[in-house]
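Trainee: If you read the sequences in order, they're chains A and Z.
In this text, residue positions in the first sequence follow this note's numbering: the first is 1, and each later residue adds one.
In this text, residue positions in the second sequence follow this note's numbering: the first is 1, and each later residue adds one.
Careful, some of the hints might be misleading.
Below, a list of computed lysine-lysine pairs in the DSSO-like style, where the Cα atoms sit at most 27 Å apart [unchecked claim]:
no.: 1; chain 1: Z; residue 1: K111; chain 2: Z; residue 2: K148
no.: 2; chain 1: Z; residue 1: K37; chain 2: Z; residue 2: K111
no.: 3; chain 1: A; residue 1: K30; chain 2: Z; residue 2: K119
no.: 4; chain 1: Z; residue 1: K119; chain 2: A; residue 2: K6
no.: 5; chain 1: Z; residue 1: K231; chain 2: A; residue 2: K37
no.: 6; chain 1: A; residue 1: K3; chain 2: Z; residue 2: K243
no.: 7; chain 1: A; residue 1: K6; chain 2: Z; residue 2: K243
no.: 8; chain 1: A; residue 1: K81; chain 2: A; residue 2: K3
no.: 9; chain 1: Z; residue 1: K243; chain 2: A; residue 2: K13
no.: 10; chain 1: Z; residue 1: K37; chain 2: A; residue 2: K37
no.: 11; chain 1: Z; residue 1: K231; chain 2: A; residue 2: K10
no.: 12; chain 1: A; residue 1: K6; chain 2: Z; residue 2: K98
no.: 13; chain 1: A; residue 1: K30; chain 2: Z; residue 2: K37
no.: 14; chain 1: A; residue 1: K39; chain 2: Z; residue 2: K119
no.: 15; chain 1: Z; residue 1: K243; chain 2: Z; residue 2: K148
no.: 16; chain 1: Z; residue 1: K119; chain 2: Z; residue 2: K98
Stretches of chain A that chain Z covers, calculated by requiring three or more beta carbons in the stretch to come under 8 Å of a beta carbon on chain Z [claimed, not checked]:
no.: 17; segment: 56–63
no.: 18; segment: 66–80
No lab work stands behind these hints, which were simulated from the structure alone.
Backbone N, C-alpha and C fix where the C-beta goes; we use that ideal spot for every residue, glycine too.
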Amino acid sequence: MAKGVKPRVKVPKTAAAGDSITIKTLISHKMESGQRKDKEGNLIPRSIINRFTCDFNGVNVIDVTLEPAISTNPFLEFEAKVPESGEFAFTWYDDDGSVYETSKSITVE
Amino acid sequence: MYNNKTVLGALGGLMLTAGLALADPADDTLILNEETKLVTRTAAPAHMADAVDEVISGWHFRGVETRAMQADDFDNPGMIFVEQAEDSWNTADGSEGKSCASCHEGSDSMKGVKGVYPKWNEGAGEVRTLEMQVNDCRENRMGAEKWKYTGGSMQNMIALISSVSRGMPVNVAIDGPVQSTWEQGKELYYTRTGQLELSCANCHEDNYGNMIRADHLSQGQINAFPVYRLKNTKLNSVHARFKGCVRDTRAETYKPGSAEFTALELYVASRGNGLSVEGPSVRN
Numbered sequence: 001m002a003k004g005v006k007p008r009v010k011v012p013k014t015a016a017a018g019d020s021i022t023i024k025t026l027i028s029h030k031m032e033s034g035q036r037k038d039k040e041g042n043l044i045p046r047s048i049i050n051r052f053t054c055d056f057n058g059v060n061v062i063d064v065t066l067e068p069a070i071s072t073n074p075f076l077e078f079e080a081k082v083p084e085s086g087e088f089a090f091t092w093y094d095d096d097g098s099v100y101e102t103s104k105s106i107t108v109e
Numbered sequence: 001m002y003n004n005k006t007v008l009g010a011l012g013g014l015m016l017t018a019g020l021a022l023a024d025p026a027d028d029t030l031i032l033n034e035e036t037k038l039v040t041r042t043a044a045p046a047h048m049a050d051a052v053d054e055v056i057s058g059w060h061f062r063g064v065e066t067r068a069m070q071a072d073d074f075d076n077p078g079m080i081f082v083e084q085a086e087d088s089w090n091t092a093d094g095s096e097g098k099s100c101a102s103c104h105e106g107s108d109s110m111k112g113v114k115g116v117y118p119k120w121n122e123g124a125g126e127v128r129t130l131e132m133q134v135n136d137c138r139e140n141r142m143g144a145e146k147w148k149y150t151g152g153s154m155q156n157m158i159a160l161i162s163s164v165s166r167g168m169p170v171n172v173a174i175d176g177p178v179q180s181t182w183e184q185g186k187e188l189y190y191t192r193t194g195q196l197e198l199s200c201a202n203c204h205e206d207n208y209g210n211m212i213r214a215d216h217l218s219q220g221q222i223n224a225f226p227v228y229r230l231k232n233t234k235l236n237s238v239h240a241r242f243k244g245c246v247r248d249t250r251a252e253t254y255k256p257g258s259a260e261f262t263a264l265e266l267y268v269a270s271r272g273n274g275l276s277v278e279g280p281s282v283r284n
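Work the whole structure out from these sequences, hints included.
Mentor: This is the structure in structure tokens:
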């Protein structure tokens with residue numbers, strides 16, 4: 001398992017109904033591309049986050065496929081429309097099978 | 001014919017003006033997390049009155065995206081390392097079974113520390129950088145191994161200690177017991193080194209704001225260290241930066257953690273007295 005993996009997200013606490021809000025996500029991950037070699041010339045095996053999803057109250061907002069060229073600590077920023085109060089659930093999928101999850105709730109005023 | 005020449009002349013003039021305007025430090029205000037206004041330009045401290053009128057943070061010399069990245073803790077990649085240091089702050093290490101928190105409690109107890117370093121240590125009878133102080137704690141209070149001066153664990157910790165002082169002014173003492181070290185640092189600052197025969201002052205005092213090929217020369221202020229550099233995606237220490245600069249003059253460099261770089265750090269820090277502590281900052 002990749003070491004020191006820690007997901008972080010930033011979602012506004014409140015919004016008006018139907019508003020488009022900006023969500024920022026970042027996961028600390030080395031994103032080893034699988035192209036590099038170590039000092040002895042051996043290939044360093046690929047180890048990346050290969051998929052990211054965000055759901056709002058069970059409905060998918062975004063589903064991203066990540067490729068090896070994406071840099072260390074991938075940062076993703078996107079917009080989402082919030083029709084009602086609820087919870088955003090974020091999931092990152094690691095090459096090694098690990099799944100990292102976090103969630104944030106938002107109140108519609 | 002004449003008409004053509006006039007047009008060309010006018011165009012040339014325009015391009016020149018545009019080039020100069022582009023190289024000026026950006027007219028912008030750094031507001032951290034939409035609440036704390038940082039001092040990024042201020043009147044120069046008295047000791048450098050005959051050199052420059054105004055001291056300017058390196059933040060003004062970087063692009064608009066880079067500046068914005070530093071203004072928000074979520075966007076600032078340096079804050080990931082601050083979080084890692086927070087974990088290590090609370091983790092016991094060494095033969096005494098102590099962590100930083102065992103003596104100092106929360107990391108916010110370090111508020112106000114970054115701006116006054118390097119400073120005189122009475123017990124040791126020497127000028128110490130923050131890194132030296134951290135290693136002193138590790139070795140003598142925790143019974144742990146010293147960290148590498150410019151290494152990741154060390155610079156992450158410096159970034160954590162710096163982050164709680166952001167917005168407070170840099171205010172290193174230059175008189176009293178540190179004066180001779182400060183004088184030595186000043187001498188190093190104005191001494192030309194290497195095959196290119198360049199001193200710190202040649203670029204950072206005489207030519208800040210100008211382009212050196214593709215690089216926009218800043219005043220070489222160190223109020224914003226440790227610096228997260230987009231080119232190497234990690235935190236960079238003051239001494240590693242000094243080493244890089246001296247190397248670029250094609251000279252043999254002093255070692256990070258050496259007495260020479262400590263003296264230079266004290267002097268360069270004093271050139272930024274009055275600017276806000278910014279680290280961890282973002283630069284290219």
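Trainee: Now look at each hint and say whether the structure bears it out.
Mentor: Going through the hints against the structure:
no.	hint	verdict
1	Z:K111 to Z:K148	24 Å, holds
2	Z:K37 to Z:K111	17 Å, holds
3	A:K30 to Z:K119	36 Å, violated
4	Z:K119 to A:K6	36 Å, violated
5	Z:K231 to A:K37	20 Å, holds
6	A:K3 to Z:K243	31 Å, violated
7	A:K6 to Z:K243	33 Å, violated
8	A:K81 to A:K3	34 Å, violated
9	Z:K243 to A:K13	45 Å, violated
10	Z:K37 to A:K37	45 Å, violated
11	Z:K231 to A:K10	25 Å, holds
12	A:K6 to Z:K98	25 Å, holds
13	A:K30 to Z:K37	33 Å, violated
14	A:K39 to Z:K119	40 Å, violated
15	Z:K243 to Z:K148	15 Å, holds
16	Z:K119 to Z:K98	25 Å, holds
17	56–63	violated (count 0)
18	66–80	holds (count 4)
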